[in-house]
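Once you know that position 177 of the sequence shown is 177 in this note's numbering, the rest is easy, because the numbers rise by one and skip nothing.
It is worth saying that the hints were derived from the structure and are not from the lab. Hints are supplied without guarantee of correctness; some may be wrong.
What the hints assert, rightly or not - Straight-line Cα separation of at most 20 Å, SDA-like style, residue types lysine to any residue; simulated pairs:
(1) Lys18 / Pro3
(2) Lys97 / Lys11
(3) Lys47 / Val104
(4) Lys91 / Thr33
(5) Lys18 / Ser2
(6) Lys11 / Thr43
(7) Lys47 / Arg200
(8) Lys18 / Lys51
(9) Lys91 / Thr148
(10) Lys97 / Lys47
(11) Lys20 / Ser4
(12) Lys47 / Glu96
(13) Lys51 / Cys21
(14) Lys11 / Asp167
(15) Lys51 / Ala77
(16) Lys160 / Glu96
(17) Lys47 / Ala77
(18) Lys160 / Arg200
(19) Lys160 / Gly112
(20) Lys51 / Asp6
(21) Lys11 / Glu157
Keep in mind the model is a prediction, meaning the values are calculated, not measured.
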Amino acid sequence: LSPSLDRDELKSFVNHLKDKCYVLQTVSYNEATAREFISVFLTYAVKHIRKNNDLTTRLAVEIDIDGSHGYGNLDYAIFIRSIFALVTVAKLSEMEKGLAQNLVQIFSAVEGIQKLGKRKREQTDFDKDPTIFGIVTTGVLLRFVRWTGPLGSQKIEITKEYNSGIDAVFDTNEDKDIENVVEILSHIARVLQAQANAVRNDAKRQRNNN
């Protein structure tokens, strides 16, 4: 991640998580509670990328994605110019179901992009075969998705499960024991930075081809 999250950002982030832990007392009760926690990670990651990489970066909540495979509302979307990273919140015991849902939502997003005409894509900085990232989380666990290539010949990369480290925030006030939440925040920011770089490169390629 370049630039790295600075000390003030990290201190504010950890304190915000501690406040959530104090008032909610659990992270795994239901999806709504999990959203309270993941929103903290997303807020600070989006703020960092907006400040340092791309001013168009913004966080949106409950975005409806239409496609041939359907699958309704997306819990969160992080828009960078016109391309977005997709975030799905799953029940604690349903990570695989959440992962499947996220992939279908990415499919629908790519499908929508490919239906746009060439002129419309140029106006929105869309590349016909964009790189799109997904994040699936239960609040406690996270997995990251990277989709590249056109429908039918796409390449999908899915990471292992990562622990968000929130349980350590509940259990301790020692900063040395909550390094995991900081690492996950940095990981999310790196994903968004990669998305921002991909969008910028796609836009540059479109201009060079005109």
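Output the numbers, in ascending order, of every earlier hint that fails for this structure.
Checked against the structure, the hints that fail are numbers 1, 2, 3, 5, 8, 9, 10, 11, 12, 13, 18, 19, 21, while the rest are satisfied.
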